[in-house]
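Chain order of the listed sequences is W and E.
Sequential numbering of the first sequence, starting at 1, is according to the numbering used here.
Sequential numbering of the second sequence, starting at 1001, is according to the numbering used here.
By construction, these hints were calculated from the structure, which means they are not laboratory data.
Fair warning: there could be bad hints in the mix.
[Unchecked claim] Straight-line distance between alpha carbons at most 27 Å, and here's what the computed DSSO-like set of lysine-lysine pairs gives:
hint	chain 1	residue 1	chain 2	residue 2
1	W	Lys64	E	Lys1034
2	E	Lys1120	E	Lys1193
3	W	Lys64	W	Lys16
4	E	Lys1034	E	Lys1117
5	E	Lys1120	W	Lys16
6	W	Lys16	E	Lys1117
7	E	Lys1193	E	Lys1211
8	E	Lys1117	W	Lys64
[What the hints assert, rightly or not] Short, incomplete list of chain W residues facing chain E, as computed with Cβ under 8 Å:
hint	residue
9	Gly6
10	His9
11	Ile11
12	Trp18
13	Val23
14	Leu27
15	Ser28
16	Tyr29
17	Asp32
18	Tyr33
19	Ile45
20	Ala53
21	Met83
22	Gly86
23	Thr95
24	Ile101
[Claimed, not checked] Heads up, incomplete: computed chain W residues facing chain E, CB under 10 Å, no partners named:
hint	residue
25	Tyr39
26	Ile56
27	Val57
28	Val59
29	Leu68
30	Ser71
31	Leu74
32	Phe84
33	Met88
34	Asp93
35	Gln98
36	Arg99
Just so it is clear, the structure is predicted and the values come from calculations on it, not from any experiment.
Glycine included, each C-beta is placed from N, C-alpha and C at the ideal position.
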Amino acid sequence: MAQTEGQQHPISVYFKVWGWLFVLSTLSYMVDYLSFEGYLRWTLILVFMIMKAGLIVTVFMHMKWERLALSYALGLPIMFVLMFVGLMIFESDNTFLQRVIYFAT
Amino acid sequence: MAQTDASSTGAALTQPQGWNSVVADWSSDQRAFKNVPWGKAMMWIFLLSDTFIFSIFLLSYMTVRLTTTVPWPNPSEIFALSFGGEPIPLILIAIMTFILISSSGTMAMAVRFGYQKNRKVCAMLLIVTAMFGASFVGMQVFEWTKLIVEEGVRPWSNPFGAAQFGSTFFMITGFHGFHVSIGVLFLLATARKVWRGDFDNETPGFFTSRKGRYEAVEIMGLYWHFVDLVWVFIFAFFYLW
Chain W
1 MAQTEGQQHP
11 ISVYFKVWGW
21 LFVLSTLSYM
31 VDYLSFEGYL
41 RWTLILVFMI
51 MKAGLIVTVF
61 MHMKWERLAL
71 SYALGLPIMF
81 VLMFVGLMIF
91 ESDNTFLQRV
101 IYFAT
Chain E
1001 MAQTDASSTG
1011 AALTQPQGWN
1021 SVVADWSSDQ
1031 RAFKNVPWGK
1041 AMMWIFLLSD
1051 TFIFSIFLLS
1061 YMTVRLTTTV
1071 PWPNPSEIFA
1081 LSFGGEPIPL
1091 ILIAIMTFIL
1101 ISSSGTMAMA
1111 VRFGYQKNRK
1121 VCAMLLIVTA
1131 MFGASFVGMQ
1141 VFEWTKLIVE
1151 EGVRPWSNPF
1161 GAAQFGSTFF
1171 MITGFHGFHV
1181 SIGVLFLLAT
1191 ARKVWRGDFD
1201 NETPGFFTSR
1211 KGRYEAVEIM
1221 GLYWHFVDLV
1231 WVFIFAFFYL
1241 W
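The task is simple: from the sequences and hints, build the whole structure.
Here it is in C-alpha cells:
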C-alpha cells in the first residue's frame, strides 16, 4: 500500500481545536458554577458536549480526512444507541408511574 | 482525500463522491476500508464496541435516575472541594477535565511529529501524555477515597439520596478510570518503541511480526482520544446534569 504517509496536517489546526476544547470546557463548567437550572441548563450542557465531542472526533481522531465508507460504518450503529435512549425514556416514565402508584410510602 | 487510481489503459479513474463512494467502497473487491491500514480499522471497530459499552452504562444510569422516586444527590455539592475557604463546586472534576483535554492535545501533536519522523519529540510528547493520564488517575483515586471514606458513599447506599447514585458512579467512573490506566501503560509502551526507533527501522512487532510503522502512534492516539471523548459524555451527563 504505497501512499503518502498517514495523517499530516498543519499544527495550527490542532492548536485551534485544543483552544476551543478549553473554551468549551470552561463554558460547560460555568453552567454549573453559575447554577443555571431547567431547560437552559440541559440545553447548554448538550450543546457544549456535542461541540466538544465533534471536535475531538473530526480533527483529533482525523474523521474529517477519512473516507465516507469508514465514517458511515462507525456513525450508523450509533443511531441505534439514540433509539435505545428513546425507548428507555418511554419505559422509565412507565416504571416511575408504577412506583408512585403502588410503592408510595 | 483526493486520489486517482490508474485504469488498465493508464487513464486516471475518477472516484465517486458522497454516498456513491460509500456504495463503491463497500461493494468493491477485497477491502471496504480503502486508505485505512489494517490496525487502524481494527482499533476503530474496537472503539465502536467500546462506545456501546459506555453507552449502555450511561443508559442504565439515565434509566435508574428517571425511575427513582427518591431525590437524586446533587453532584455539584458532593464533588465540591474547599481550599481553606468556601467550597468551590465541581472544581476537582473541572481540573480533571482540563488535564484530559491537555493530554489529548499532546497526543495529537505526538501523532503529527511521529509521521514527520521526529522520533524524539514524538516520544517526549507521548511521555507527557502518559503523565497527564497518570495524574488524572491519581485525582480519581483521591476523589473515590474522599467519597468512600469521608462521605460514606457505597454502591448500595449513600447519605445524600437515591441509592443508585453510588452504583452508577462507581461503575461508570471506575470503568473509565480503568481505560485511562490501560491507556497510560499503552502510551509508555508506544513511547519506548518510538524512542528506540522501532518505527524508523521498521522493527517487527513482538506479537504480530508486522513491520513497525508510525501509524502505531496514530492508532494509540485513537484510543487515547476516545478515552477523552468518553469523559466529555460522563462530565456532561453524570456531573453536570
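Results of checking the hints against the structure:
no., hint, in the structure
1, W:Lys64 with E:Lys1034, "holds, 15 Å"
2, E:Lys1120 with E:Lys1193, "holds, 11 Å"
3, W:Lys64 with W:Lys16, "holds, 15 Å"
4, E:Lys1034 with E:Lys1117, "holds, 24 Å"
5, E:Lys1120 with W:Lys16, "holds, 24 Å"
6, W:Lys16 with E:Lys1117, "holds, 23 Å"
7, E:Lys1193 with E:Lys1211, "holds, 12 Å"
8, E:Lys1117 with W:Lys64, "holds, 23 Å"
9, Gly6, "holds, 5 Å"
10, His9, "holds, 7 Å"
11, Ile11, "holds, 6 Å"
12, Trp18, "holds, 4 Å"
13, Val23, "violated, 10 Å"
14, Leu27, "violated, 11 Å"
15, Ser28, "holds, 6 Å"
16, Tyr29, "holds, 5 Å"
17, Asp32, "holds, 5 Å"
18, Tyr33, "holds, 6 Å"
19, Ile45, "holds, 5 Å"
20, Ala53, "holds, 5 Å"
21, Met83, "violated, 11 Å"
22, Gly86, "violated, 11 Å"
23, Thr95, "holds, 4 Å"
24, Ile101, "violated, 11 Å"
25, Tyr39, "violated, 12 Å"
26, Ile56, "holds, 5 Å"
27, Val57, "holds, 7 Å"
28, Val59, "holds, 8 Å"
29, Leu68, "holds, 5 Å"
30, Ser71, "holds, 9 Å"
31, Leu74, "holds, 6 Å"
32, Phe84, "holds, 6 Å"
33, Met88, "holds, 5 Å"
34, Asp93, "holds, 7 Å"
35, Gln98, "holds, 9 Å"
36, Arg99, "holds, 5 Å"
In the structure shown, a violation is registered for the earlier hints numbered 13, 14, 21, 22, 24, 25, in ascending order.
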